[in-house]
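The listed protein sequences derive, respectively, from chains E and F. Quick note: the first sequence uses my numbering, first residue 52, plus one each step. Quick note: the second sequence uses my numbering, first residue 547, plus one each step.
Please note that the accuracy of each hint is not assured.
Stated by the list, open to error - Beta-carbon label-pair distances, calculated as ranges:
1) E/L62 with F/P660: 28 to 38 Å
2) F/E612 with E/E103: 14 to 24 Å
3) F/S626 with E/G113: 48 to 58 Å
4) F/S598 with E/L62: 35 to 45 Å
5) E/I63 with F/K614: 21 to 31 Å
6) E/T131 with F/E610: 38 to 48 Å
7) F/T558 with E/S121: 42 to 52 Å
8) E/G79 with F/E561: 17 to 27 Å
9) E/L146 with F/D554: 39 to 49 Å
10) E/S73 with F/G562: 19 to 29 Å
11) F/G562 with E/T131: 49 to 59 Å
12) F/P586 with E/D152: 18 to 28 Å
13) E/L134 with F/G587: 43 to 53 Å
Don't read these hints as lab results, they were simulated from the structure. Virtual Cβ for every residue (Gly too), placed ideally from N, Cα, C.
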Amino acid sequence: KAGVTQTPRYLIKTRGQQVTLSCSPISGHRSVSWYQQTPGQGLQFLFEYFSETQRNKGNFPGRFSGRQFSNSRSEMNVSTLELGDSALYLCASSLEGGTGDEQYFGPGTRLTVT
Amino acid sequence: AQSVTQPDIHITVSEGASLELRCNYSYGATPYLFWYVQSPGQGLQLLLKYFSGDTLVQGIKGFEAEFKRSQSSFNLRKPSVHWSDAAEYFCAVGGDTGRRALTFGSGTRLQVQP
Numbered sequence: 052k053a054g055v056t057q058t059p060r061y062l063i064k065t066r067g068q069q070v071t072l073s074c075s076p077i078s079g080h081r082s083v084s085w086y087q088q089t090p091g092q093g094l095q096f097l098f099e100y101f102s103e104t105q106r107n108k109g110n111f112p113g114r115f116s117g118r119q120f121s122n123s124r125s126e127m128n129v130s131t132l133e134l135g136d137s138a139l140y141l142c143a144s145s146l147e148g149g150t151g152d153e154q155y156f157g158p159g160t161r162l163t164v165t
Numbered sequence: 547a548q549s550v551t552q553p554d555i556h557i558t559v560s561e562g563a564s565l566e567l568r569c570n571y572s573y574g575a576t577p578y579l580f581w582y583v584q585s586p587g588q589g590l591q592l593l594l595k596y597f598s599g600d601t602l603v604q605g606i607k608g609f610e611a612e613f614k615r616s617q618s619s620f621n622l623r624k625p626s627v628h629w630s631d632a633a634e635y636f637c638a639v640g641g642d643t644g645r646r647a648l649t650f651g652s653g654t655r656l657q658v659q660p
């Protein structure tokens with residue numbers, strides 16, 4: 052079974068631009084979560100989607116948004132990029148996103164904002 | 547609000563030596579606890595998880611962890627470390643809202659000396 056895939060793996064953007072990251076969950080998984088990882092703040096939860104609906108959201112500004120498609124693939128978008136948005140963005144999928152479900156992480160997208 | 551503390555930022559052990567990584571959590575109810583490992587340039591891999599029942603949990607790669615409610619701890623152990631265990635280790639607790647969002651500790655970087 053293929054794992055969680057994230058595209059692109061690396062991205063360089065300029066301040067003020069916007070970016071879209073993509074995540075394809077494991078086949079059969081309906082829950083997709085996004086995390087931001089930075090050296091200063093560590094791993095922080097962005098949001099979680101299930102059946103095309105955002106179920107849970109972390110403490111990030113509205114510039115960070117996401118969506119999920121009917122095939123469970125998910126995208127996250129960051130508008131008006133800031134230097135502080137440089138980070139590794141990790142996507143995780145699970146069957147239903149419930150308490151007993153293991154989250155499987157993708158390799159991440161490394162975003163650099165210059 | 548829930549939180550996770552990993553007091554050791556960096557640990558160095560000799561190959562073949564035993565290992566213990568510390569994790570303390572703060573959570574209002576019965577916690578859902580996890581240990582993940584991250585190798586350079588990779589996503590997170592789940593080592594083990596604790597939801598309930600036996601307080602000593604066995605995981606993959608020879609790791610185990612013990613849940614101690616009285617000490618609010620969930621320390622990770624391995625009796626004999628291999629050079630391939632060099633990585634960053636994260637302790638996490640399940641989220642407040644349906645336990646779908648994970649709160650991570652700041653991580654412990656493990657270096658293994660030959």
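>> Range first: 48 to 58 Å. Now tell me if the beta carbons of F/S626 and E/G113 are that far apart.
In response: Holds, since F/S626 and E/G113 (Cβ atoms, about 49 Å apart) stay within the stated range.
> Is the distance from the Cβ of E/L62 to the Cβ of F/P660 consistent with 28 to 38 Å?
Replying inline: holds (37 Å)
> In this structure, is the beta-carbon distance linking F/T558 and E/S121 contained in 42 to 52 Å?
Replying inline: holds (49 Å)
> Quick one: are E/G79 and F/E561 within 17 to 27 Å, going by C-beta?
Replying inline: violated (39 Å)
> Okay, E/T131 versus F/E610 on CB: inside 38 to 48 Å?
Replying inline: Once the Cβ atoms are compared, 46 Å apart, the range 38 to 48 Å for F/E610 and E/T131 holds.
> Do F/G562 and E/T131 keep their Cβ atoms within the hinted range of 49 to 59 Å?
Replying inline: holds (52 Å)
>> A range of 43 to 53 Å was offered for this pair. Does it hold for the Cβ distance of E/L134 and F/G587?
In response: violated (22 Å)
> Do the Cβ positions of E/I63 and F/K614 conform to the proposed distance bound of 21 to 31 Å?
Replying inline: violated (45 Å)
> So does E/S73 sit 19 to 29 Å from F/G562, Cβ to Cβ?
Replying inline: For E/S73 and F/G562 the Cβ distance comes to about 43 Å; the hint is violated.
> Do the beta carbons of E/L146 and F/D554 sit within 39 to 49 Å of each other?
Replying inline: Once the Cβ atoms are compared, 33 Å apart, the range 39 to 49 Å for F/D554 and E/L146 is violated.
> Could one say that the CB atoms of F/P586 and E/D152 fall in the range 18 to 28 Å?
Replying inline: holds (27 Å)
> CB of F/E612 to CB of E/E103, is that within 14 to 24 Å?
Replying inline: violated (40 Å)
Hint check: violations occur at hints 2, 5, 8, 9, 10, 13; the rest are consistent with the structure.
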